[in-house]
Amino acid sequence: MLEIRWHSRAGQGAVTGAKGLADVVSTTGKHVQAFAFYGSAKRGAAMTAYNRVDDKVILNHEKFMRPDYVLVIDPALVYVADITANEKDDTIYIVTTHMSTEELIASQPKLEGRKVYTVDCIKIAQETIGKAIPNTPMLGALMKVSGMYDIEFFKESMVKVLKKLPQKIIDANMIAIQRAYDEVK
Amino acid sequence: MADTMELRDIEVWDGNMAASQALRQVQVDVVAAYPITPSTPIVENYGNFTANGYVDGEFVMVESEHAAMSGCIGAAAAGGRVATATSSQGFALMVETLYSASGMRLPIILNVVNRALGAPLNVNGDHSDMYLGRDSGWIQFDAYNPQNAYDLNFIAFKVAEDHDVRLPAMIHQDGFMTSHTAQGVATLTDEAAFNFVGEFQPMNDMLDLDHPVTHGVQTEEDWHFEHKARQQHALMTAALPKIEAAFAEFEKLTGRKYNLVETYNMEDAELAVVCMGTSVETAEEVSNELRAKGIKAGVIGIRVFRPWPLEQLAVVLKDVKAIAALDRSSPHGTVGTLYNEIAGSLFNTGTKAVLTNYIYGLGGRDLTKAHLVGIYEDLKANMDAGKPTTPLQQYIGLRGPKLSFF
Amino acid sequence: MEKKGWDGFEIGAMLRSFDGATRDIATTLPENRPYSQSNSFTASVADWRIEKPLFNKDYCIDCQFCWIYCPDMSIISRDKKMVGIDFDHCKGCGICVEVCPTNPKSLLMFPEQKDEEEALAEWPKKDKNAQAEEPKED
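Residue numbers (my numbering), protein chains in the order written: chain F, 1 to 185; chain X, 1 to 406; chain C, 1 to 138.
Next up, chain F with everything else stripped away, as it sits in the complex (with noise of 0.2 angstroms):
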């Protein structure tokens, strides 16, 4: 079972995020989860998303969760949020952040001794789509480190899970995903 979970805001498509992951997994004869913790989320408010993969059916539907991979992607919940929750000795962090990983951790010694990697999504996001949501890049930057999938395999699967956007946008987020596998650190 691989288990992930997402930091982000609400309206920032973490759901979207973890609901097309579980798209692509889906066709690839996989079975998934994708689901979220909602309050009376406003936008803005920091809320967490996960996803569930495994090759069996999957029967497991408490919320509680050790994740295998934790992607946080708006930079200001690193301090904020407490992303470490229920980590595993091996849980991989994948932030969304300007700075590098190692400035990342020198501001939140939290991720000392941790797995993590970071990817500027906010900003692949603005100069590629031309808004700041984070969550197909931070995709793409989970394809680089996972290794799950192929990256062009990927951005194919991600096409048809876009296909009710217009043709732009569907061709900006396709380089965004490639830009965050590219510039994953």
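Keep in mind the hints are simulated off the structure, nothing from the lab. Wrong hints could be hidden among the right ones.
[As the list claims (entries may be wrong)] Where chain C lies over chain X, by a calculated footprint (3+ residues, C-beta under 8 angstroms):
1. 102–114
2. 206–218
3. 225–238
From the three backbone atoms N, C-alpha and C, an ideal C-beta is built for every residue, glycine too.
Starting from the structure of chain F, add chains X and C where the hints point.
Just chains X and C now, kept in the frame of chain F:
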């Protein structure tokens, strides 16, 4: 004629989308709705499908849930295939009209996305609303995941509209835990889905102008009791066999098998947890883990809550030594509903099983695998002692000092 | 109406107006309609009356006021002509008499046992002092 939608064999849908796709595929004529979290997307999606030509139907926006069900009653009495969705406070406001729908024998389908009842206000999932509907004369199906929410809609239409049944039916799913959790859903083609349910066959419909009929009549003590008896007779004798027949036909079509009472690891089980909703599957996973350690743990899921499968439940619990009834609703003043129902099912059977009650998960509080392991440990102690070793009713997952009664 | 047992009637809180199919019901006279047993038309309320209205066609101007005002649809009118009273459904409320505008009135209340011939013979003459009566508006 509505457009066909091409679906992949497996779609990643949350429970709401699964339910609304089923409403589209059976071509519901009328949805009268007053959207409420977390069921909103069901009627929203139906409205979307209708506006885009995928359903030849009518979305009626009304001013309250009471009006929503009233609109459904009118449309059903007129002779249409009718459905809607609601949750929580909206369900509570509908209750008066639920009794009208069942008393008038109108086969309306209501998707209830289970949510806590305030106060305090809460949008998350528990079974308070489901329990509130239990005496309303509706058939109540319970889904444990989005696939179930999809499948049970087809089964519900088929059973409810059967002229030997003619009773409304609810499909319950857990708010957020199912309704907003995307999972793989094996789909039916539009054609196969529609053909499973078939064309709506009207009965006593008001639009049959050659046979004028008055719906919603008044009866006093001279007729009321007979009407209620007739309704109960249909629910108690016709509904269960028709549900089982629909389950069998659905299995033939899809390979997916449903049962009035779902059993998991129950063949030689000594310890059994009985619950509903997503908790059933989480308990199944825990029972697998306990089985690996040699503990004979099983799970029973109530698939059809009304009519209550009393005899079927007694059979599957026959050889069990300790049973936990898990209620996701505050019973306020007594033991949980499942405790009472199970006790009632077993009382005359000569069982020696020890039965205890757990209140859990109110307002969406997580039911963890660790909680379930703890429950099975209690059951093991009860089995070994041959009597309850804990209070009869315990609250789990609650902060503060331990709370229990009886 | 026959009190059937719980399994002896159609399901649902519904009642049928007619037995079998009906077409063009609006142009079918009530006495020719196949009213069902559950339709109130098949029930008599004649014994509810203490007084009954009687009709004197000599004074009637076929204004149809009585037909419009009768709460029990018990004024029988054919081709806009007043014909008489449906005594199976008239409860003797007297509204038809109240609204009758002729002088003397073409409808008057009498004790239930009153002989019609006798009543007609005693019918009051025109009151020369009375003003033409209009239906009251209150």
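Using C-beta distances, would you say chain C covers the segment 206–218 of chain X, given that this needs three or more residues below 8 angstroms? holds (count 8)
Are 3 or more residues of the segment 225–238 of chain X near chain C, judged by a Cβ distance of less than 8 angstroms?
-> holds (count 8)
Quiz item: Do three or more residues from the segment 102–114 of chain X put their C-beta atoms closer than 8 angstroms to C-beta atoms of chain C?
Solution: Since three or more residues must qualify, the claim that chain C covers the segment 102–114 of chain X holds, with 4 doing so at under 8 angstroms.
Taken one by one, the earlier hints all hold for this structure without exception.
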